[in-house]
Structure formats: C-alpha cells, structure tokens
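Asker: For reference, the chains in residue letters:
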Amino acid sequence: MQLTKYLKVKKLAGALNLNNSQAVSEIFDKTKCDFLEDLSKKIINDKNSKKFGDLIAFAFWIRKKNIFSIKKKNYNNEIRTGRGLTFHITPSNVALNFAYSFVVSFISGNTNIVRVSNRDFEQNKIFFKILNNILKKKKYLLIKKSNIFIQYKYDNLISEKLSSMCDNRIIWGSDKTINQMRKFNLKPSCMEVLFPDKYSLSIINLNNIKKTNDKKLREIAFKFFNDSFLFNQNSCTSPHLIIWLGKSNSNYFKFWNILDSLASNNKNFYLTDKNVYDKFDKFCQISAKNNNVSASKITSKLYRMILSKLPKDISNLRHGDGYFFEFFTNKLENIKLNLNAKIQTVTYFGLKKIEFKKFIRSKKPIGINRIVPVGRASEFNEFWDGYDLVRVLSKKIELR
Amino acid sequence: MSKSINKNYGEIFQEEKIFHLSKYEKNIFLKFHLNKLTNYHKDNCFEYKNICKNLGYNKQLKDVELGKLPFIPVSLFKNLDLKSVKENKIIKVMNSSGTTNNKVSRIFLDKENSTNQVQVLKRIFSEVTKFEQRVPMLIIDNKERVFKKESFSARSAAFFGFSKFGRDYTFLINNKGQADTKILKSFLKKNINQKILIFGFTDSIWKDFFTNQDVLKIKPDLKDATIIHGGGWKKLEAEKISTNKFKDFVAKNFNISSNKVINYYGMIEQTGSIFFECEKNDYFHTSIFSDIIVRNKDLKELGKNKKGFIQLLSVLPTSYPGHSLLTEDIGIVLGEDDCNCGKKGKYFKVLGRVKKSEIRGCSDAID
Chain A
1 MQLTKYLKVK KLAGALNLNN SQAVSEIFDK TKCDFLEDLS KKIINDKNSK KFGDLIAFAF
61 WIRKKNIFSI KKKNYNNEIR TGRGLTFHIT PSNVALNFAY SFVVSFISGN TNIVRVSNRD
121 FEQNKIFFKI LNNILKKKKY LLIKKSNIFI QYKYDNLISE KLSSMCDNRI IWGSDKTINQ
181 MRKFNLKPSC MEVLFPDKYS LSIINLNNIK KTNDKKLREI AFKFFNDSFL FNQNSCTSPH
241 LIIWLGKSNS NYFKFWNILD SLASNNKNFY LTDKNVYDKF DKFCQISAKN NNVSASKITS
301 KLYRMILSKL PKDISNLRHG DGYFFEFFTN KLENIKLNLN AKIQTVTYFG LKKIEFKKFI
361 RSKKPIGINR IVPVGRASEF NEFWDGYDLV RVLSKKIELR
Chain B
1 MSKSINKNYG EIFQEEKIFH LSKYEKNIFL KFHLNKLTNY HKDNCFEYKN ICKNLGYNKQ
61 LKDVELGKLP FIPVSLFKNL DLKSVKENKI IKVMNSSGTT NNKVSRIFLD KENSTNQVQV
121 LKRIFSEVTK FEQRVPMLII DNKERVFKKE SFSARSAAFF GFSKFGRDYT FLINNKGQAD
181 TKILKSFLKK NINQKILIFG FTDSIWKDFF TNQDVLKIKP DLKDATIIHG GGWKKLEAEK
241 ISTNKFKDFV AKNFNISSNK VINYYGMIEQ TGSIFFECEK NDYFHTSIFS DIIVRNKDLK
301 ELGKNKKGFI QLLSVLPTSY PGHSLLTEDI GIVLGEDDCN CGKKGKYFKV LGRVKKSEIR
361 GCSDAID
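As you go down the protein sequences, you meet chains A and B in turn. Using our numbering, you'd call the opening residue of the first sequence number 1 and step up by one each time. Using our numbering, you'd call the opening residue of the second sequence number 1 and step up by one each time.
Chain B with its partners taken away, still in its complex shape (with noise of 0.2 angstroms):
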C-alpha cells in the first residue's frame, strides 16, 4: 500500500467559498481529483481494483468525464471490508444502520479522512444555517441511544457531525421513549430569546416533537430556532406527510419560518458531503466538493429532469473507495447553477428508494 493520497490534499477543503463554482469550473477541479481519488483507491485497495479491473478500468485514468468514472454500489460495504490504508492507521469504524438483511456498512477513516469530513461539514452548515458560534442545541432522541458504546451507527454519527455545532447539548426523549416536556421547558426558558438549534431524524422529529401530544399542548415558540433533520422519508411517506405537509404544519404551530426548517440529504459512506435544502426551494444542493448524476436501468447518465438512480460523487473519502458510489435512492436532477436561492452546482430531490421486488423462481413455497 502506498502512502496518503497527497501531503497537502487536505488543503482544497480549505476553498474560501463552497457554492461558487459555475459547471465549468467545477467540472475540472472535481474531475482532476477525483481521477486521482480513484487511481489512488486503485492502488491502495485491492477489492476495488479487482472491480475496477471488471468494469474495464484497467489502465490508470487520465481526464475521465465525471459521468464516466467507475462507481460501486453503496451497499458494497454491507458486504466487503474495502480500505485503502493500513489496518493501523484505522482511527475509527462507522457503521450504517441495515436495510438489506440487516447488513451494516462499515466504513473505515483514518485520520485525515475523519479531519476532512468534520471540516466539509463545518463548512456547509455554517454556509447554510448562517451560524457564527455554536449555539444550545436540542436534540429528539434519547442520549443512551446515541452514546451507545457497542456500535457507531448513523444515529450517534449524525449527532457526532451537528454537535460541532452546538453547545448544551439537551436530549429530549427520556429512557421511556417519550419527550420529556420538563425538559423542553426548560432548555426554552434558558435560552430565551437566543438562536437555537434543533435537531433530529426526520421519522423522529416529527412523531417525537411536532406532533407529539404533549409539546403540541405547550405550543413552544420557536422563532430563534433553526430545525435540521435527515434520515429519509420513508416512514412519513407512509402516512402520506409530504415535504410541504411537514413544513406547513410546523410553521403554523410553533411560529417558525419554513425555510428555518431544513431537511438534509447525506450518507455514511461519504458523511461530511452533505446536501441540505436551500431557504427558497426544497432542493438539495451540491457544494463544490460533491456531485451528483442520476442514472437510468442501464446505468447510462441521465440529463436533467430525468428520474434515475442517485449516483455521488465526493472528494472527500480518501481512506475507503467511496469517492463514486451508486445509491438505491431514485432521484432527479432539476437544475444547474441557476437556483433561485444563488448558489452554484447541481440541485436535486430524492424521491424515494428502490422498492423491494418479489422473486420470482420455481421455489420458495413458503408466502
């Protein structure tokens, strides 16, 4: 195995802006990396280089087209241990919580790797939530869950990213499950009239908090607030809770603005390029570090407006091959650079994961 990827490759996350880029631009900071990114993993993993290999990506790349990269399925690392580093340089193991079989992934950092992702996300949020300092945060979820010493899941390592951001860290949810009104009250009255932030998974945020009984009887005001939440949709899709449903009704009952509530789109295996909603619109964006392309059935680019599987790209990984990887989410490009909202770089929305199919086959008698 070779040595890091580059000395001082930790200094493009140092860029002074984040959604500046125009697609030119973009085009060839991204695509200078993440050849390199990929020639490194290459190099550096064997699992992915045999992939590579099958996928017809002998030769070292040179000057790939972004939409021509070799990319993995996200759910390879339900399956394989891929790392590009030395076992001993492994600071830390993240692990996804399963939807297929009930796999986890497990994601491998070292420690730039780790540096690199707490700084993009740094980053983002501030660019995004417009924070100068950290600010009391409120998290709905229950504190054992998240400090949870067994395993490092997508719960603890949601919290872990955000708290960079907060201070008085308060866990709403009580060791019973439910919100703890006592304790809301009075995390409230302390900050009075300061900037908060509140945060949850989505699923959560809104059974647990916006339409729990007990808050909706206290109405809390929460003008100061900023609400970040992530996780997917799939349970609220269920009971039909739209984006604007959500938004609606959290506007209306807690005197919030909508574009103070922000959902945000991101994964494990690439934590730190994260995509969150822009204030004018609920499209997710990308920054200059992350892209994204939607692809059709034969895994071929798609072209603006055209539903497709979610494929991203990230500069970021550096000690596991997760720089390129296709998700099991559809989703759809809208647009590029011209969001009403300023910012540069591509916009999308998510509009679900795939669905599980039934197998078909002439066995299985047991229905």
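With the rest of the complex left out, here is chain A (with noise of 0.2 angstroms):
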C-alpha cells in the first residue's frame, strides 16, 4: 500500500509501503552508515550547498566517522532495534530541522514519515535534490521503499492518520501544536518524543573573563553571538539571560562592544521595520511594568537590561532579534532561578564541568536539559532535551 495514494499530500522523496516492516533494522545499520557517508559526501562536493552553512554542517554530522563515534561511545555492543515507523512533525521555521530528525530515527532503527515545512527553504531544496539522486542507486532501494518526506498543508485527517499508525512520534514544538496534535489517538505502543517551548540562558564567569586576552576574548564573543542569532535569536537554543557570575569589569564591556559590532555587520541577522517596531515595545511594555530593571541600554542592534532580582518565572524575559536581559551575582549555588521552569540549554563559560555536577546534585535542576560551552548551544547530537533519542526510539530485546 502505498502512503502517498490515499493522501493528499505532497512527495518530496523517498516512498513508503507501509507493509514494508523489514526495513526496520538493528541500530546503526550498515547499510544506512554508507548511505548517511554517501549524502555527506555528495552534499558537501556540492557547489550549490557551500553557501549555506547549516548544510554543510549537517553534512560533517552524518558522516561515517561521526556516526560510528556516536555508536562506539555510546551503544556499542549493544543489541537494540527499530521501533517500526516513526512520524516526525518538524519545524516550519528552520530548514533542515527535520533532516536531523530524520537521521536520529534512521539510524535508531525505523522507517519514517517526515513532515517538511511548507516553506521553501534554499538548502532544502539543494537537500532533496542531492538525496533524491542517491535513492535511484539499487542497493539504497530498501531505504527508498521505507522512509518518505512529505509536504502537507497543516490537516487534522491527515496528521490524525499518520498519527493513527506509528510507533514513534516526534514533534518539535511548539506547545499550541504539541496540545493540538495530542487529540489524536496513537497506538497503545507508540513511543512520543516531544520538544516543548524552551527558554535558554547563558553562565558567564566574569573573574575569568577579566583575565582573559583580547583575542580570547573576540572568540568568546563570536561564540556566544553564533549561539544568540541562529534565527534571529529565536532558535530554541539562543540564550535570552545572562547570569553573569562576579563583577563588571573592563572586559565585560568589551564584550558587549563586540557583539554589538558582529550584529551590526553580520547579513544574517537582520530585522524587518516590523521586527524593529516590536522590539522597542516589547522594551516600553517591560519597562513600564518592571521596577526590577536596574539599567538598560539600547544600542542599533541590541536591547540589554539588567535585572535587579530574578522573576519567578523567567520565560517571559524573551524576545529575540537581539535582546538581552542579564543578572549579576557572585557564585554559582547563589542562583537562585525557578529550576523547574523550562529551561533547554544552558551555556557555559569560565566554570568547569565538576562544578555543574555539585550543582546538578545538589539542586535536581529538572527544568534544565543540557549544559554545554558558549559556541555549541545548537550543535546537535544524539541527545536532545533529555532525550538519549537512540535508545528512546529503538527497543533492547532481551537475551538471557
């Protein structure tokens, strides 16, 4: 049976028959590693994806190397397999989400569903043209038959029977979706995999950042603006806070003269006079209402305010386009933050690893999933918003 003929939507690539349950395999596959090898190389020989970074990135994440690396430090010697067909509803905002997704599913074993965004993308484009060149090759034929990108302009029926028959079902955000999509029945066995909307923030050691050289420094902030702007700063991942540990000091200036140079001249961060309307109200409407903001300051791309006390509830400090709000205190215990609020990504700079473990034991953070350094706050990998997706969305068959 074929998914695309009973239907209405749009084939991408791939195909799907549905009663196609031997191309679910053991995880990391060999077959799908020489696949995955094969589309890294094509898309990164490729002279139309040089331009898009993100692409080239996805490239080096699915190479051979990469993926056996995963495999070796995390389930080797491990016996799992696919769960069966997994339903991925991705972003409609940011290009090649889905692909990730895709990937996790497919080496964790299943065949896929992938719902793309309508939006046309460039390097999804350059995407599905350099994978639908692949699936003509005879021994990539399985993998053809089984995993299917589709386009559909958002239905109930549609995404209620793709949700009907599935064993994994993952959806990106955002909360109203998530709500919406849960009004489906899945199967009693379905496995879901769910990223809510996410705050994140940023820890930045101030006595190390003092001693830090000029050059250091400019990397510091290149990191940190990397972070901030994918998308405008509204990437799950982008920090909205700042908790700055010690005193200002001339570096901390510094830094922000820097970021506010790389956003003043980087292309890719640009805002519509809409974008540039809402920011300064969203500046007024907090303004007015907050006695707790200490100091602000408004240069051309940036918004800062500085808190005077942390609010309950710091989801709300959010807006994006280039706007920060920071907190100054003296030491890491000292923070104390609503820890249960949902919190994705923190990152870190000038603290070491040791000491988020103390505070991770002492404080049970079960709002917090990830700790990583400033500069790889998106950088992908097989765990994800508490996730280790791997083993979520393959099974261990046990063998006594």
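Simulated from the structure, these hints should not be mistaken for lab results. Remember, predicted model here, so these are calculated numbers, not experimental data. Don't take each hint at face value.
Unchecked claim - Residues on chain B that point at chain A, a partial pick, calculated with CB under 8 angstroms:
1. Glu47
2. Asn50
3. Ile51
4. Pro73
5. Leu76
6. Leu80
7. Asp298
8. Phe309
9. Glu328
10. Val354
11. Lys355
Unchecked claim - Restricting the straight-line Cα-Cα distance to at most 20 angstroms, the calculated cross-link-like pairs of lysine to any residue (SDA-like) are:
12. A:Lys289 x B:Asp43
13. A:Lys289 x B:Leu55
14. B:Lys297 x A:Asp273
15. B:Lys300 x A:Tyr323
16. B:Lys300 x A:Ile298
17. A:Lys289 x B:Arg106
18. B:Lys53 x A:Tyr323
19. B:Lys355 x A:Phe269
20. A:Lys139 x A:Asp38
21. A:Lys282 x B:Asn50
22. A:Lys289 x B:Phe147
23. A:Lys297 x B:Asn50
24. A:Lys274 x B:Glu301
25. A:Lys274 x B:Lys307
26. B:Lys53 x A:Ala295
27. A:Lys223 x A:Asp54
28. B:Lys164 x B:Ala179
Virtual Cβ for every residue (Gly too), placed ideally from N, Cα, C.
Each of the two chains sits in its own frame; use the hints to bring them together as a complex.
Answerer: Listed below in structure tokens is the structure:
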C-alpha cells in the first residue's frame, strides 16, 4: 500500500510501502551508515551547498566517522532494533531540522514519515535534489521504499491518520502544536518524543572574562554571537538571559562592544521594520511594568536590560531579535532560579564541568536539559532535550 | 499625582493662526511645550516614568531638542492603561480598532484634554475647508454602527470629531450595509446649491459610494461638496487604487474639483492634531500644534526625503502620555515651510504600515 495514494500530500523524496517491516533494522545498520556517508559526501562536494553553513554542518554530522564515534561512545555492543515507523512533525521555521530528526530515527533502525515545512528554504531544495539522486541507487532501494518526506498544508485528517499508524511520533514544538496533535489517538505502544517551547540562558564567569586576553575575548564573543543569533535569537537554544558571576569589568564592556559590532555587520542578522518596531514596543512594555530593571542600554542592534532581581518566571524574559536580559550574582550556588522552569540549554564559560556536576546533584534542576560550553548551543546530537534519542526510538531485546 | 499641567494651558490653542510659524519659531514653541509635557507625564504617569528612566531620561528635561525627546510606541496603549490624571477626572475613554492581535487602544481623556482636542480639530478643519458655519453632512456609514453604545471606536471618534462642522446628519448606509440611493437623492435635493460635507472612511467611501453601481447610475453632481476621508489606504492599495486614481475617478464622475476631495491622516491616540492634504498637492501638513519626525531602523532621526518610521508629536495630549509617539506607519518628510500651498511647517506623505513578518525560530510546526 502506498501512502501517497490515499493521502493528499506532496512527496519530496522516498516512498513508503507500509507493509515493509523488513526495513526496520538494528541500530547503526551498515547499509544505513553507508547511505549517510554517501549523502554526506555528495552534499559536501555540491557547489550549491557551500553557501549554506547549516547544510554543510549537517553533512559533517552524518559522516560515517561521526556516526561511528556516536555508536562507539554510547551504544557499543548493545543489541537494539528500531521500534517501527516514526512520524516526524518538524518545525516550520528552521531549515534542515527535519533532516536531523530523520537521521536520528533512521540510525535507530526505524522507517520514517517526515513532515517538512511548507516554506521554501533554498538549502532544503538542494538537500532533496541530492537525496533523490542517491535514492536512485539500487543498493538503497529498501531505504527508498521505507522512508518518505512529505509536505502538506496543516490538515487534521492527515495528521490523525499518520498518528494512528506510527510507532514513534516526534513533535518539534510549539506547545500549541503539541496540544493540537495530542488530540489524535496513537497506537497504545507508540512512543512519543516531544520538544515543547523552551528557554535558554548563559552563565558566564566574569572573573575569567577579566583575565582573558583580547584575542580570546573576541573568540568567546563570536561563539556567543553564533549561539544567540541563530534565527535572529528565536531558536530554542538561543540564550536570552545572561547570568554573570562576579563584577563587571572592562572586559565585560569590551564583550558587549564586540557583540554589538558583530550584530551590526552580520548579514544573517536582519531585522524588518516590524521587528524593529516590536522590539522597541517590548522594551517599553517591560520598562513600564518592571521595577526590577536597574539599567538598560539600547544600541543600534542590541537591547539590554540589567535585572536587580530574577523574577519567578523567567520564560517571559525573551523577545529575540537581539534582546538580552542580564543578572549579576557572585556564585553558581547562589543562583536562585526556578529550576523547574522550561529551560533547555544553559551555555557556560569560565566554569568547570565538575562545578555543574555539583550543581546538578545539589539542586536537581529538573527543568534544565543541556549544559554546554558557550559556542555549542545549537550543536545537535543524539541527546536532545533530555532524551537519549537512539535509546528512546529503539528497543532492546532482552536475551538471557 | 499633581495638578493640571497648567491652569492656562488651553490658551496656547487660541493662537490666531495655525500654519504660520516658520521652522525656527515653531521649534521654540514646540520645544518649550513638549519638554514641559514630557516632565508632566513623567511626574504623573508611573509607567511612563519607568519607560523614560530606561530610555535614559532620569532627570527633568530642559531644552531637549524635538528629535531627542523620548517617544513611546503607539501600540503601547493597547497593552497598558496609561493616564496622567486621577481616575475620577476621566470623562471619556476612546478605543481604536485593533490591528495588532485584535487588542484595542484605550485613550483616557479628562475634560481639559477633550476640550482642547475639539478646539484644535475645529481650527485645522475650518482652515482647510474654509467653512464658516456648519453645513449639511452626508456620512458614508451606518448610523447604528457609528452610535454603537458599547465602544467609542475610531469610527465614532472620527464622526463625532467632524460632526462639529456639520448639521442635518444623513447616514447613507442602511442596515443591510448598502448605500440607499433614496436617502442620497433626497439629501442632495434638499441641499441643492449649498455647500455640503461628505465624510467617510477611505475604503468605505470608495466602495460604498464612488464605485457603487446604484450611485454611479445617478451620477450625483457634487460641485458644492467637500469630501473628507481618512483611515488609511491599506484596503485600496490591495486593489491598486492610488491617491491620484482615486481623485481622478471622483473628479471625472461627480463633477467635483480634485482639491475638494481631501484625505486626512490622524490617529485616535492623537485625536485633534490631524493632518489634511493641502489643496495644491497630496501632502499632509503639520500645524503649529504638531510635528513629524521620520526615523530609520536604528530609530535615529532622518532628514527630508528619506523613508522611515513616522513619529508624531502633539502638544494636545495632557491626560495621557501620547504627546510623542512612534507609529507603525512608514512615511517620508518632503519639506518644511516651502510647500507651494503657502502653509508653513513640515509636509509629508504616508507610505503604508510596517508589514507583519514571519516568526523565525524552531517551533510552531502548524503553518
């Protein structure tokens, strides 16, 4: 039975024979890894790909070398197989997120239906052109018949149908989408992986910043910039709040100057008239009501507000488009944050992993999913939002 | 909260002329009053004070240039109740139609502010129309919609504002939402050879009057009419109807000279200090009570002939901090003091509203 025959969806690549359970494999199946290696090479060598950093980064991530190191590091000697068919509902606003979602389920041994955003992303077009070419190869016939990438205008009937037949369902935000999709029945055995709306922040040790030389400071600022300005600071991994440990010093001001000039000179950071207006509007709205803002600064691209107190709910402290909240305290232990809040990523600089280990053990921050160094906020890997994705999307057959 | 801004503040609106001050004189006049107003609102509106503080205006303002005065976004009135007078002084709350997620602006007026609005509107209106007394008024709208009790909308505000210049109010649109030609015929017959005023929102006056098939069949002779319309071109733009096309069509079909078809620009947040097109060009003119500054994307002041956000200044708002507002409109200042219509002050065009943009980010899969 062919999926596209009875549902009104547009096929971008692949096909899906729903009776094709032989396509479910062990995790890190050899043919699948070969296929990813092939895909990676073709993307890297394609002259159109070069313009798109995100496409190249993806290609590097799926190289055999990387996939093997993931396997070796975390899943070696484990006999696991896919759970069956995964249905992916991927974000409308981020190109290529669907591809990561696909790969992680694919190497976990599953067959896949991937709903791709209806927006025309140039890098997606390049991706599908290359993918379709590779899928023509005879040795990948089974892969072609068991994975499909589709687009459809949001439609309850289609979503309901696809939800009813999958064994894993992955939904990439928002809260609204998740609530909407939850109205549909899943198979009783279906596994759900959900990525609801999340908030991200940074913790930076000013005592280290103080000792940093100019070159290193530039490097940190650049990394921080890349973390923050992915999708105009609207990515779930972009920090909105910076918690500074220690006192401000001359390097602190330098840091902001560097960031400001990076924001001013980066072509990818573009604000429309409406963005500019809304940002100013948000600034005035917060200012009007909040007495906890002790200082604020508006430069041509960045808005900053220093808070004298952290509110209970920090999730409102966000706007995007180059808008930061700052809070000063002295030690990691003294951060009085609602740790049950929906925090996804904490990026840090000037702190040791061991300090966070202590922090996690003593505070049990159930709302935090990732703690990674500044510069690595958007680095996707097999652990995401608190899930060990390969293990969640596959099953272990017990054998005694 | 302190007392009224100044016991005799209303006197500034008694100026004999309102389009006569040169750039230099007007600047002195506005600078004095707008500095004073900013301080007054800071002292009397807690939220406004907080905003000013975060914008870097901690101290009392003195002699701050117009371009350096604080401004707030006009949409703020949709999210906050901003007022600079005690609750019991408020006699009227005006609501604008909402465009941003259907929220409406709430503008709080006390008696003084309300009186001054009417006063200034009157002055500007009679200067433009040259009406010496009230004239019969045809309104291209439905009476019930305008008089709707529940809310004082932009529709009602515009009608009540302009109604001060009319009499024998006749509403053209019946309850079925259609132009009633019987009403039209009898109105015109009754007022033959008399000056009349026709008023409506730009899109309704176009759709329900000028291009209405029944009206076109009658082809009323409007040689004695003055047509005032406003509210924006958004809907007509979509149909590719430009100002010139609009004027030409009306002039050709209704025997009215195009300088009697007058567009206005104004917003409920600054009712009273309204801008009319001049008779020579389709430029909006600032009176001595208001001014315009165009700003770029860094919100820095731009000179003439440059496109940007429109900031409007007005000496009218005293009961709410609306004297300096950043609008969501994009416009261009074309000159100052030298329009060939003879009016002093800045003149400008409105090019449209900032466009809604796509949200970028990794969520919201439903699209």
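Asker: Would you mind marking each hint as holding or not holding in the structure?
Answerer: Hints and how they fare:
no.	hint	verdict
1	Glu47	4 angstroms, holds
2	Asn50	5 angstroms, holds
3	Ile51	4 angstroms, holds
4	Pro73	4 angstroms, holds
5	Leu76	5 angstroms, holds
6	Leu80	6 angstroms, holds
7	Asp298	4 angstroms, holds
8	Phe309	7 angstroms, holds
9	Glu328	6 angstroms, holds
10	Val354	4 angstroms, holds
11	Lys355	6 angstroms, holds
12	A:Lys289 x B:Asp43	16 angstroms, holds
13	A:Lys289 x B:Leu55	14 angstroms, holds
14	B:Lys297 x A:Asp273	7 angstroms, holds
15	B:Lys300 x A:Tyr323	18 angstroms, holds
16	B:Lys300 x A:Ile298	12 angstroms, holds
17	A:Lys289 x B:Arg106	17 angstroms, holds
18	B:Lys53 x A:Tyr323	18 angstroms, holds
19	B:Lys355 x A:Phe269	18 angstroms, holds
20	A:Lys139 x A:Asp38	12 angstroms, holds
21	A:Lys282 x B:Asn50	13 angstroms, holds
22	A:Lys289 x B:Phe147	35 angstroms, violated
23	A:Lys297 x B:Asn50	14 angstroms, holds
24	A:Lys274 x B:Glu301	18 angstroms, holds
25	A:Lys274 x B:Lys307	14 angstroms, holds
26	B:Lys53 x A:Ala295	9 angstroms, holds
27	A:Lys223 x A:Asp54	15 angstroms, holds
28	B:Lys164 x B:Ala179	24 angstroms, violated
The earlier numbered hints that this structure contradicts are 22 and 28.
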